[in-house]
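*Asks:* Line by line, the protein sequences give chains A, B, C and D.
Mapped onto the working numbering, the consecutive letters of the first sequence carry residue numbers 383 to 597.
Mapped onto the working numbering, the consecutive letters of the second sequence carry residue numbers 383 to 597.
Mapped onto the working numbering, the consecutive letters of the third sequence carry residue numbers 384 to 606.
Mapped onto the working numbering, the consecutive letters of the fourth sequence carry residue numbers 384 to 606.
If you're looking for bench data, these hints aren't it; they were derived computationally from the structure.
Ideal Cβ positions, reconstructed from N, Cα and C, are used throughout, including at glycine.
Any given hint could be a false lead.
[Unchecked claim] Derived lysine-lysine pairs resembling DSS-like cross-links, with alpha carbons at most 25 angstroms apart:
1) D:545 / C:518
2) C:520 / C:605
3) D:605 / D:545
4) A:386 / A:517
5) B:581 / B:386
6) D:518 / C:520
7) D:518 / C:518
8) B:386 / B:517
9) A:581 / A:386
10) D:605 / C:520
[Unchecked claim] Computed, partial: chain B to chain C, Cβ under 8 angstroms:
11) 431
12) 450
13) 465
14) 503
15) 540
16) 591
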Amino acid sequence: MNAKERIARRIGREFRSGHVVNLGIGLPTLVPRYLPEGIDITLQSENGFLGLGPLVGEPRPGVVNAGGQPCGLISGAAFFDSAMSFALIRGGHVDITVLGGLQVDEEGSLANWMVPGKMVPGMGGAMDLVTGARKVIVAMEHCTRDGEPRLVERCSLPLTARARVSMVVTELAVFTISHGEFVLQELAPDVAVDELRRKTQARFLVSPDLRAMPL
Amino acid sequence: MNAKERIARRIGREFRSGHVVNLGIGLPTLVPRYLPEGIDITLQSENGFLGLGPLVGEPRPGVVNAGGQPCGLISGAAFFDSAMSFALIRGGHVDITVLGGLQVDEEGSLANWMVPGKMVPGMGGAMDLVTGARKVIVAMEHCTRDGEPRLVERCSLPLTARARVSMVVTELAVFTISHGEFVLQELAPDVAVDELRRKTQARFLVSPDLRAMPL
Amino acid sequence: MSPPRAGKVVERADVVAHFRDGMRVMFGGFMGVGTPAGLVDALMRSGVGQLTLIGNDTAFPETGVGPLISVGQAARVIVSHIGTNPVTGRKMIAGELDVELIPQGTLAERVRCGGAGLGGVLTPTGVGTVVEAGKSKLVLDGREYLLELPLRADVAILKARKADRAGNLVYERAARNFNPLMAMAADLVIVEADELVDTGDIDPDQVMTPAALVDLIVVAAKE
Amino acid sequence: MSPPRAGKVVERADVVAHFRDGMRVMFGGFMGVGTPAGLVDALMRSGVGQLTLIGNDTAFPETGVGPLISVGQAARVIVSHIGTNPVTGRKMIAGELDVELIPQGTLAERVRCGGAGLGGVLTPTGVGTVVEAGKSKLVLDGREYLLELPLRADVAILKARKADRAGNLVYERAARNFNPLMAMAADLVIVEADELVDTGDIDPDQVMTPAALVDLIVVAAKE
Numbered sequence: 383m384n385a386k387e388r389i390a391r392r393i394g395r396e397f398r399s400g401h402v403v404n405l406g407i408g409l410p411t412l413v414p415r416y417l418p419e420g421i422d423i424t425l426q427s428e429n430g431f432l433g434l435g436p437l438v439g440e441p442r443p444g445v446v447n448a449g450g451q452p453c454g455l456i457s458g459a460a461f462f463d464s465a466m467s468f469a470l471i472r473g474g475h476v477d478i479t480v481l482g483g484l485q486v487d488e489e490g491s492l493a494n495w496m497v498p499g500k501m502v503p504g505m506g507g508a509m510d511l512v513t514g515a516r517k518v519i520v521a522m523e524h525c526t527r528d529g530e531p532r533l534v535e536r537c538s539l540p541l542t543a544r545a546r547v548s549m550v551v552t553e554l555a556v557f558t559i560s561h562g563e564f565v566l567q568e569l570a571p572d573v574a575v576d577e578l579r580r581k582t583q584a585r586f587l588v589s590p591d592l593r594a595m596p597l
Numbered sequence: 383m384n385a386k387e388r389i390a391r392r393i394g395r396e397f398r399s400g401h402v403v404n405l406g407i408g409l410p411t412l413v414p415r416y417l418p419e420g421i422d423i424t425l426q427s428e429n430g431f432l433g434l435g436p437l438v439g440e441p442r443p444g445v446v447n448a449g450g451q452p453c454g455l456i457s458g459a460a461f462f463d464s465a466m467s468f469a470l471i472r473g474g475h476v477d478i479t480v481l482g483g484l485q486v487d488e489e490g491s492l493a494n495w496m497v498p499g500k501m502v503p504g505m506g507g508a509m510d511l512v513t514g515a516r517k518v519i520v521a522m523e524h525c526t527r528d529g530e531p532r533l534v535e536r537c538s539l540p541l542t543a544r545a546r547v548s549m550v551v552t553e554l555a556v557f558t559i560s561h562g563e564f565v566l567q568e569l570a571p572d573v574a575v576d577e578l579r580r581k582t583q584a585r586f587l588v589s590p591d592l593r594a595m596p597l
Numbered sequence: 384m385s386p387p388r389a390g391k392v393v394e395r396a397d398v399v400a401h402f403r404d405g406m407r408v409m410f411g412g413f414m415g416v417g418t419p420a421g422l423v424d425a426l427m428r429s430g431v432g433q434l435t436l437i438g439n440d441t442a443f444p445e446t447g448v449g450p451l452i453s454v455g456q457a458a459r460v461i462v463s464h465i466g467t468n469p470v471t472g473r474k475m476i477a478g479e480l481d482v483e484l485i486p487q488g489t490l491a492e493r494v495r496c497g498g499a500g501l502g503g504v505l506t507p508t509g510v511g512t513v514v515e516a517g518k519s520k521l522v523l524d525g526r527e528y529l530l531e532l533p534l535r536a537d538v539a540i541l542k543a544r545k546a547d548r549a550g551n552l553v554y555e556r557a558a559r560n561f562n563p564l565m566a567m568a569a570d571l572v573i574v575e576a577d578e579l580v581d582t583g584d585i586d587p588d589q590v591m592t593p594a595a596l597v598d599l600i601v602v603a604a605k606e
Numbered sequence: 384m385s386p387p388r389a390g391k392v393v394e395r396a397d398v399v400a401h402f403r404d405g406m407r408v409m410f411g412g413f414m415g416v417g418t419p420a421g422l423v424d425a426l427m428r429s430g431v432g433q434l435t436l437i438g439n440d441t442a443f444p445e446t447g448v449g450p451l452i453s454v455g456q457a458a459r460v461i462v463s464h465i466g467t468n469p470v471t472g473r474k475m476i477a478g479e480l481d482v483e484l485i486p487q488g489t490l491a492e493r494v495r496c497g498g499a500g501l502g503g504v505l506t507p508t509g510v511g512t513v514v515e516a517g518k519s520k521l522v523l524d525g526r527e528y529l530l531e532l533p534l535r536a537d538v539a540i541l542k543a544r545k546a547d548r549a550g551n552l553v554y555e556r557a558a559r560n561f562n563p564l565m566a567m568a569a570d571l572v573i574v575e576a577d578e579l580v581d582t583g584d585i586d587p588d589q590v591m592t593p594a595a596l597v598d599l600i601v602v603a604a605k606e
């Protein structure tokens with residue numbers, strides 16, 4: 383099981399039947415593959431619908447995900463305009479959003495939309511999602527390709543939203559954030575706390591109920 | 383021809399084909415009966431649709447006007463929610479609104495929604511209509527039943543909106559309002575200017591193009 | 384989060400357990416058209432009092448939310464119009480009912496803000512009138528606006544023409560009015576539908592309120 | 384006011400006369416889905432330049448409004464995303480194109496304000512980020528909000544699945560997105576419809592944009 387699958391599988395355990403969920407592009411879109419048996423969630427797509435599903439058969443006109451790719455619909459899907467789509471997002475009608483991250487800091491602030499001088503794609507719907515979803519889960523590999531930590535004391539990259547992340551899941555560990563502190567909740571079986579501290583620039587507390595991260 | 387019919391008939395001449403029009407309760411609802419030949423307007427109803435028409439045949443579920451009475455629909459009608467209904471009204475998508483009045487003053491302010499201690503029905507959609515419609519026409523009898531003037535220097539009753547009325551049509555005369563002044567544009571053939579001044583508390587200019595009010 | 388889909392359709396008697404004294408109740412409807420008569424009846428049977436009713440108008444003494452006012456279950460109404468219900472006016476004058484009047488378009492925007500996570504909206508409606516009282520006024524581009532704040536409720540009672548079992552709703556003609564806005568703005572959303580259909584039977588383009596917003600569905604009694 | 388109904392349906396070539404240098408153009412669509420390709424083509428044929436394009440994103444170099452950017456007709460874009468169109472990024476860096484980035488939900492609300500006669504809206508989105516720059520911040524109930532102002536345009540180009548001759552519109556699936564909002568917020572509204580039907584053929588409950596908002600209708604070329 384690679385890092386991404388490990389992360390996606392762990393995040394799947396956060397969902398309950400009836401949850402309305404918005405998944406960012408990239409790693410988060412893997413999550414539905416690993417939902418536990420019997421869990422029935424509704425995926426929201428910010429381009430204007432509830433009930434996103436996998437593509438089955440031929441693409442149909444206008445049935446595309448927020449990446450512009452053909453997708454499918456579940457029974458009971460509903461379409462609406464962009465104002466309604468973001469009213470749902472900002473208004474707390476999305477229970478969980480799962481997004482990729484570049485940096486998350488001790489305050490729960492997330493940077494994931496631009497790297498000055500390098501990548502300026504625009505924030506799209508990310509700022510609204512992080513600001514408005516009831517629970518914000520960041521799904522990311524623990525370090526960058528160059529080995530730089532992504533859990534940091536204070537984000538150096540431009541923020542997507544301040545103090546809104548409640549959980550970070552990496553291939554090494556699961557953290558919650560509350561009151562300005564990372565709390566280590568789960569550790570992968572193949573990782574020691576000392577190793578995790580070396581790979582984590584942010585300070586973190588270890589939960590008294592520290593558990594093994596299920597793989 | 384009674385006073386109300388005279389007023390309604392004159393107001394009908396203000397409409398052009400394509401106009402979107404909202405008519406207040408009472409006298410204004412008479413206007414469509416007197417539209418000149420060939421003029422095709424669309425009536426907006428603030429309870430959520432465009433394309434109000436006269437009731438033809440049996441009442442149908444949900445097809446009611448803003449007074450809650452069964453009505454009809456023209457071909458090409460469209461329904462929407464209350465936010466959209468007032469987005470249309472406030473956003474300048476209604477070309478003309480015709481409303482009854484208790485008082486109109488020199489500034490173009492209208493009072494028509496309450497009489498303290500007597501009548502407190504609530505403003506309903508009136509404040510939005512007077513604030514948002516492109517042209518606000520007040521249709522009212524020139525004086526109250528007790529002979530009190532309704533065109534006044536300054537409204538004594540609580541305002542519906544400030545400085546938004548552009549035309550007042552009574553059974554005696556037609557006034558426009560601009561830059562804080564009433565201007566007499568048309569006078570009914572059976573009325574002298576002196577008589578009109580006695581029945582009008584507000585000051586008014588007489589247009590150099592003063593015409594006879596068509597009956 | 385809504386309860387699992389299978390559990391949304393309930394008997395009218397089952398909703399009574401959700402009502403409490405002092406609740407803020409949003410109700411769809413305009414002069415009673417689009418107000419769920421069966422849910423108003425359930426509120427009456429529940430016997431809860433001191434309610435704050437939020438909606439367009441108080442209809443007539445015997446229709447819409449009128450009966451709740453007539454029997455004295457409401458302590459307060461937040462509406463745009465009370466003129467068609469003389470009981471509302473009488474109770475207001477007698478000091479038995481608190482009435483807050485809001486311009487209709489402003490009421491719609493305030494409910495929308497409450498459901499859409501917005502902190503408020505600037506409207507020109509009410510500037511220079513009694514509606515200004517106690518409100519912030521901003522001048523933008525030389526025009527004055529009032530800052531109007533969000534409205535939310537504990538429960539919304541809605542009327543739909545049709546619901547599927549998941550909770551997707553379709554309203555009928557002018558009975559739509561405030562219903563879709565209130566579906567966004569209450570902690571608990573209860574719908575009375577004239578017709579219940581299977582999930583998937585409503586074209587996704589024709590859904591007016593998506594299922595995720597709806598908590599409980601009651602099928603209206605046949606007339 | 385719209386032109387008389389009979390006159391709304393025109394040939395694609397006829398809309399070119401409405402385009403001018405320096406116009407503000409709102410376009411429906413999300414990654415090109417819901418963008419009227421024929422009206423983008425008409426804008427290209429018109430040869431007008433220095434356009435400000437307002438919409439969700441700049442799609443891809445060959446789709447949506449991408450071609451207008453590729454050939455240099457746009458001086459400015461106001462969008463939430465440019466990441467899928469490398470030409471936008473290159474022109475921005477070269478100083479040939481001004482790019483204003485707006486969070487998508489804020490863009491939707493600003494367009495809505497522009498069409499709904501609202502002076503602005505308070506949103507929590509963007510607080511504590513670069514989006515704050517130059518904006519008023521208000522604190523209500525202990526939470527910070529940004530005051531976001533209305534957006535309007537000279538012309539909106541929309542894509543509908545179906546139009547009737549009066550101008551009532553129905554959009555298809557996720558091609559709806561910004562189209563209904565922009566129909567409210569521009570001085571001139573031009574629609575490209577896949578199918579034209581007689582007035583009265585669309586059920587009044589299923590109309591997504593009412594005819595009164597639409598000025599001109601062009602029927603899309605068959606693929």
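*Asks:* If a hint holds in the structure, say so; if it does not, say that too.
*Replies:* Quick rundown of the hints versus the structure:
no.	hint	verdict
1	D:545 / C:518	44 angstroms, violated
2	C:520 / C:605	49 angstroms, violated
3	D:605 / D:545	14 angstroms, holds
4	A:386 / A:517	20 angstroms, holds
5	B:581 / B:386	18 angstroms, holds
6	D:518 / C:520	17 angstroms, holds
7	D:518 / C:518	21 angstroms, holds
8	B:386 / B:517	20 angstroms, holds
9	A:581 / A:386	17 angstroms, holds
10	D:605 / C:520	52 angstroms, violated
11	431	6 angstroms, holds
12	450	3 angstroms, holds
13	465	4 angstroms, holds
14	503	3 angstroms, holds
15	540	5 angstroms, holds
16	591	31 angstroms, violated
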